[in-house]
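One-letter residues, chain by chain:
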Amino acid sequence: MNNPFPLSREGLLTAYRRMRTIREFEERLHVEFATGDIAGFVHLYAGEEAAGVGIMMHLEDHDRIASTHRGHGHCIAKGVDVKAMMAEIYGKATGACAGKGGSMHIADLSRGMMGANGILGAGAPLICGAGLAAQKLGHDGVGITFFGDGASNQGTVLESMNLAAIWNLPVIFVVENNGYAESTSVDYAVASDSYVDRAAGFGMPGITVDGTDFFAVYEAAGEVIRRAREGGGPSLLECKMIRFYGHFEGDAQTYRAPGENEANRQHRDCLKIFTGKILEAGVVETGELAVIDSEVADLIEDALEGAKAAPLPSAAELTTDVYVTY
Amino acid sequence: MARTLSMKDAINEALDQEMGRDPTVVVLGEDIVGGTGSPGEDDAWGGAMGVTKGLIHKHPGQLIDTPLSESAYIGAAIGAATCGLRPVAELMFVDFMGVCLDQIFNQAAKFRYMFGGKAETPVVIRATCGAGFRAAAQHSQMLTPIFTHIPGLKVVCPSNAYDTKGLLIQSIRDNDPVIFLEHKNLYDRETDVPEESYAIPFGEASIAREGTDVTIVTYGMMVPYSLEASETLKREGIDVEVIDLRTLSPIDLDTVFESVEMTGRLVCVDEANPRCSIASDVAAAVAQEAFGSLKGPVAMVTAPHAPVPFSSALEDLYIPSPERIADGVRQTMGERSS
Ligand SMILES: Cc1ncc(C[n+]2csc(CCOP(=O)(O)OP(=O)(O)O)c2C)c(N)n1
Ligand SMILES: [Mg+2]
Numbered sequence: 322m323n324n325p326f327p328l329s330r331e332g333l334l335t336a337y338r339r340m341r342t343i344r345e346f347e348e349r350l351h352v353e354f355a356t357g358d359i360a361g362f363v364h365l366y367a368g369e370e371a372a373g374v375g376i377m378m379h380l381e382d383h384d385r386i387a388s389t390h391r392g393h394g395h396c397i398a399k400g401v402d403v404k405a406m407m408a409e410i411y412g413k414a415t416g417a418c419a420g421k422g423g424s425m426h427i428a429d430l431s432r433g434m435m436g437a438n439g440i441l442g443a444g445a446p447l448i449c450g451a452g453l454a455a456q457k458l459g460h461d462g463v464g465i466t467f468f469g470d471g472a473s474n475q476g477t478v479l480e481s482m483n484l485a486a487i488w489n490l491p492v493i494f495v496v497e498n499n500g501y502a503e504s505t506s507v508d509y510a511v512a513s514d515s516y517v518d519r520a521a522g523f524g525m526p527g528i529t530v531d532g533t534d535f536f537a538v539y540e541a542a543g544e545v546i547r548r549a550r551e552g553g554g555p556s557l558l559e560c561k562m563i564r565f566y567g568h569f570e571g572d573a574q575t576y577r578a579p580g581e582n583e584a585n586r587q588h589r590d591c592l593k594i595f596t597g598k599i600l601e602a603g604v605v606e607t608g609e610l611a612v613i614d615s616e617v618a619d620l621i622e623d624a625l626e627g628a629k630a631a632p633l634p635s636a637a638e639l640t641t642d643v644y645v646t647y
Numbered sequence: 024m025a026r027t028l029s030m031k032d033a034i035n036e037a038l039d040q041e042m043g044r045d046p047t048v049v050v051l052g053e054d055i056v057g058g059t060g061s062p063g064e065d066d067a068w069g070g071a072m073g074v075t076k077g078l079i080h081k082h083p084g085q086l087i088d089t090p091l092s093e094s095a096y097i098g099a100a101i102g103a104a105t106c107g108l109r110p111v112a113e114l115m116f117v118d119f120m121g122v123c124l125d126q127i128f129n130q131a132a133k134f135r136y137m138f139g140g141k142a143e144t145p146v147v148i149r150a151t152c153g154a155g156f157r158a159a160a161q162h163s164q165m166l167t168p169i170f171t172h173i174p175g176l177k178v179v180c181p182s183n184a185y186d187t188k189g190l191l192i193q194s195i196r197d198n199d200p201v202i203f204l205e206h207k208n209l210y211d212r213e214t215d216v217p218e219e220s221y222a223i224p225f226g227e228a229s230i231a232r233e234g235t236d237v238t239i240v241t242y243g244m245m246v247p248y249s250l251e252a253s254e255t256l257k258r259e260g261i262d263v264e265v266i267d268l269r270t271l272s273p274i275d276l277d278t279v280f281e282s283v284e285m286t287g288r289l290v291c292v293d294e295a296n297p298r299c300s301i302a303s304d305v306a307a308a309v310a311q312e313a314f315g316s317l318k319g320p321v322a323m324v325t326a327p328h329a330p331v332p333f334s335s336a337l338e339d340l341y342i343p344s345p346e347r348i349a350d351g352v353r354q355t356m357g358e359r360s361s
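Each protein sequence line maps, in turn, to chains A and B.
Going by this note's numbering, the first residue of the first sequence is number 322, and it counts up by one from there.
Going by this note's numbering, the first residue of the second sequence is number 24, and it counts up by one from there.
These aren't lab readings, by the way, just hints derived from the structure by calculation.
Even for Gly, the Cβ is constructed at its ideal location relative to N, Cα and C.
Take every hint as true, because none was put in to throw you off.
To give an idea of the interface, some chain B residues facing chain A are shown, with a C-beta separation under 7 angstroms as derived from the structure: (1) Asp54; (2) Thr59; (3) Gly60; (4) Pro62; (5) Trp68; (6) Asp88; (7) Leu91; (8) Ser92; (9) Ser94; (10) Pro332; (11) Ser335.
The following label-pair restraints were derived from C-beta to C-beta distances: (12) Ala142(B) / His351(A): 45 to 53 angstroms; (13) Thr255(B) / Gly357(A): 28 to 36 angstroms; (14) Lys81(B) / Gly571(A): 23 to 31 angstroms; (15) Arg330(A) / Asp211(B): 49 to 57 angstroms; (16) Glu616(A) / Asp211(B): 38 to 46 angstroms; (17) Ala142(B) / Tyr509(A): 29 to 37 angstroms; (18) Ser94(B) / Gln456(A): 24 to 32 angstroms; (19) Lys81(B) / Glu616(A): 51 to 59 angstroms; (20) Ala584(A) / Gly60(B): 14 to 22 angstroms; (21) Arg550(A) / Ser94(B): 31 to 39 angstroms; (22) Gly102(B) / Ala521(A): 25 to 33 angstroms; (23) Glu622(A) / Glu218(B): 49 to 57 angstroms; (24) Glu381(A) / Thr27(B): 53 to 61 angstroms.
Selected chain B positions facing chain A (Cβ under 7 angstroms, derived; list incomplete): (25) Gly63; (26) Ala67; (27) Pro90; (28) Arg157; (29) Ala159; (30) Ala329; (31) Phe333; (32) Ser334; (33) Ala336.
Model the full assembly from the supplied sequences, consistent with the hints where possible.
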């Protein structure tokens, strides 16, 4: 059968499974958060899956990513264990960070996931470090830093773009532009109309893509990642996308236009757009996707049950791991 | 006339009254209005905690939403303060000071001294502080000792709504840079607050509870916790005096010395990490100036030397609790802790 896509059938199903897993994870968190069982700040990635997965489909464990406060999707796309993530969000001893980090600080360095981050723009300098290490250690790993339209205004991001450019680092700056920083519009807060122009100011290539279109992200990411791997230096990739929920769980979202969320769900759902394309092309069948859906639902259910049943950290953990040795 | 007001509303009222009194007072920060440039409601947020909600309608032109660029807008507030404005800049969480610290400690704090007394920098930097929100390591710190360490900065950390209003008004009228730290777990607590404007001078501790056996010196969230511990101890026959420092720089040590001279016992309670903390600072000052009055060793009840953990099980152990404070007092009374 003719496959018009840049991924194999298996690749398409893997991408679907990852996006579906993120969606299910976030939708369940949305529901569970409302029960009051989950503490702290939780920022959901629902609606933005195509960007994270479209990029991460090109990466291996020795490729590093530096994530944001909205990090669950990046974690899942990079292969962090979903059960460990859920347990972390519930503050349990079995969590990815032993319950010490929570939603905003999930990390798994063995998978090249350098951490979600509570500080906007903090990932950009760190990923320059990942790029520098790859260069000096002589491997072909790349570093990807994600930041929102809001965080794109942090000095750290701009300093890092310059640093990456002058050192020709294998680093990609990914702007996840969902139009809002909390309640504030990108139109107000970002001076230039174009992130591509901003990239040009630092002498690096920039691409803007529709981040709700998995294939657009996948292709653009493939190009900039290949260039970085081959020693061609840094690039910027802007993904224009949609955040389905509020800034954090509990946000009343009065800054949105009436009907905005409903319209987004109807017309700009990246998962619907993706399935529409692959089904229409006849490369996969509805039944195959349904199987994945039910496997993913089981996985998330298991993760949730496991997280709820897991033990809390013991008191002794309060002062462990402050240092390696002291 | 007094009525009860939450700490949050006391801040709102202080800003409202000062902006009304003085058009050079401008308030700026991230989403302090909210919805700027967005299609929906204006005044959509009023700050991350809703503290500045409604002010834009009363003082259009005096509130400015900023991009997420702390270095630039905190610095701009500082620069504007040297050029005729009285900015009140909000840093959503004090933990974000790392992003803009140069503007605070190398610029604002040093202008007056470095320029031979020629500069005035009447800026207020408001920020939320403290643990107990399950907000983890980068959104829960106190950091009071870091600012207090720096000559040229004034540091305020109130424990109740009444003090908050008076100290914020003083901060805005003060001609030095002020770091104004608001404990997020105090935001909804109410006290009597007069409607009229009033300023509380810096460097005057308040005696939150009078007692004769032991002196607790503390500030912020640890004031209500120390008062709670004092009630428990009262039932054991221990009469505790609780001193609320209110401002950490300048610091009112005279009130501390007087109290210790009477009680002979000192417990320093600080939610910050213990090394080089407000607790250790007060303990050192008493050791230097009132050693002769001490009947026994000074006790410190603080957070551990560790970042703030996320898990509720650990965070509850991290924050000094009324129980741990009571234990600290018992220790100075020469009793075994329970
Ligand atoms: C240095 C710093 N400043 C402010 C914040 C508070 N904050 C957290 S997320 C956020 C909005 C981020 O917007 P954007 O970068 O567009 O990412 P999005 O939430 O839209 O994914 C803000 C202001 C922070 N965490 N760190
Ligand atoms: Mg955004």
